[in-house]
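Heads up: the protein sequence lines correspond to chains A and B, in order. As numbered in our numbering, residues 1 to 185 make up the first sequence, in order. As numbered in our numbering, residues 1 to 212 make up the second sequence, in order.
Some hints here could point you the wrong way.
What the hints assert, rightly or not - A few chain B residues facing chain A, derived, Cβ under 10 angstroms:
id, residue
1, Tyr21
2, Glu39
3, Thr67
4, His195
5, Leu206
What the hints assert, rightly or not - Listing some non-contacts, in silico: residues in chain A with all C-beta distances to chain B over 10 angstroms:
id, residue
6, Pro61
7, Tyr63
8, Val101
9, Lys118
10, Glu125
FYI, nobody ran anything at the bench for these hints, they're computed from the structure. Even glycine gets a Cβ: it sits at the ideal position worked out from N, Cα and C.
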Amino acid sequence: MSQKEELHLNEQQIIQAVVDVTDLPFSLQDHLNTCPMCLAQKERFSGLLSQLGHKSKVLSPTYRKRVTLTEANGTKSPWLWAWNWQRLLVAGLSCAMVLAVLWWASPFKIPPEWQESKAYYEMWEDYRMMAEIVWLEEHALPQVYFDISGESAPLISEEFIQFLIPHIQNDAFHQFKTKEVQYVV
Amino acid sequence: MVAILKPNRRYNEADTSDKEYQVANLAKAARTGDRESFEKLVTLFQEKIFQMVYYRTFSQMDAEDLTQEIFLKAFRSIQNLKEAHYFKSWLFSIAVNRIRDFKRKKQILAFVGIDNRGQGFEEVERKIYDTPQADNNLFKQEFWECLGLFVKKLSHWEREVFLLRFLDELSIREIAQSINKSESTVKTHLYRAIHKFKGDTNLVRLLQGERR
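Bound-form chain B, shown alone (with noise of 0.2 angstroms):
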């Protein structure tokens, strides 16, 4: 199994380095004001900006706009990236806290009286007994509401780095830079959010089961 992996991995890495080089110079190339450039890298992270967001709301719509605004954001905002190998920190980091002032404007309507509509899983909960393919759907539902309760578990500094992490596929260096915070504070968090995955029985089993 293990040496199965490991030719992979290697692959992986090589694969993932010319990413990265094309990555640096399509961000060198767009903070010059190359339009095209910039199109090139939405191409590249849009799929990963969208289910980024889709893990933190559970919602396809506002996952869709927030996606759509994270990128308009980072359009704008290009010139100020310093470093053009950092790029994937950098749009991720605008996608946290855009996320995160997304939940607080929804908190605070919430709590006007505005926004009722309900948070985390009930929303996924709806769509997925609405399709055609309910039974096939029962999985999935069963995986977000472990994902969801486990989530919730978690403190958010824990909950961010473990997403990060594991869903999201950031080394702890990228993590560290686009949380704005030490690599070891990175790892410690993560160090807890683990060892509470580890705890979380349904999840694991769940995972395990599908795994046999």
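Isolated chain A (complex conformation) (with noise of 0.2 angstroms):
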């Protein structure tokens, strides 16, 4: 009698006869089969265990839909497909990495070619703009000064004015006086 109670089932073996019997050895499965206070002590175990997932099947909602299979024939909306935030990264990503293998190998590019000559009109372009700068530097006044002057005048000529104000030399006033200072001396 002694020898049997030390044979009884301690907890972690009932634990382990609940998980799987098989995995306890021979002699105690053997003990489990003979002993009513063991198998009692299981069953009672098992059973609260059968309880909890009795409970838990009574105790939960009843599914009110039915499952239907529509969606799997290709009528979900692309949309739907699209929000998903992971293709959304995914797709961002692809067309970035396209970008750039065409950026890194366009056939668009400027040739070297036409840089230079791009230089050189941006040389031009520069050139003109100072000589025009330089224009307005050196005609600053406005249109009425240069007609006051005269210098905007078809009529007004060199020769013209020469004629009203004659040359110092070819004066014939300059010549008498020139003499009469001759006689003078």
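With the hints in hand, could you dock these two chains into one complex?
The structure is reproduced here in structure tokens:
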């Protein structure tokens, strides 16, 4: 009797028997089959776990809908597909990679000779602009001053000015004055 | 008590093997593109999958949506099922993965602040108090609360294995196939989970009290 008592399954062995009775050593399996105390203990514990499963089933709500397989035929909206952020991220990264590759090996890049001619054109543009600035500096007065001064009048030429105000060396008075001076001397 | 249980168990085993045979035949037909067979499989498993999802999300709406998604995924990839008699394990593995994805997504959304709905039992609790039979639902509330608290004490794999074994009633072999682990690993996790269950006096008392 005392030997039988020693052989009773402990708590760990009972749990092991609940998990899988075949995992117990044969001696303990034999004992479990013959000892009503150990068997009852094991059944009580298994019953408790079964009760847990049963209660969960009873207390959980019932499935109100019915599964439909319509979406599997391709009726799912493409926007729903796109809404998945992971897919959006992957799509964005793919686009960025494609653009980078296209930029790297672009056939539309500006060739170096075009770049040289562009530089020459820019230089000419600068020169033209500087000339314009110089002209503006030189002709800073408004037109009315030029009109008064007569510079802009087409009829007032150098010859006409000469006629109005003859050159001092060709002047008769000047010649007379010089003769008079000579006489005095 | 034991003597009464044994004949029932034998009857259930025979019933189960018949059902397994039927499921395997339907899965074989569904694999060749027979939509009707797949619809029969849906009828057989939709309640089970719904409950399985509910035990892990505690939200009826989420469980319904996920059940729909799980079956759609299964329908799309039924050709990938190699062994027809593993249909149940295969379906549960899809469900386990889908629930894991769902929870991960929910965690990210909650972290970002987009989804700040209460996780776990808050939602269940609110629903219970909102129903007209609030008194009758007190036990329901207590049960789910106790179960939720117990489940939180378990590690990821302990929880998964425990729920698959005792709430979803899968065999060790089926669990191993569903979570892609060896049977000995499953047993180890199960052993640890049961040990913790035994230590959870609240849940054990609740179950014992109900049995009396």
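Numbered hints the structure breaks, given as an ascending list: The structure breaks hints 1, 6 and 7; every other hint is satisfied.
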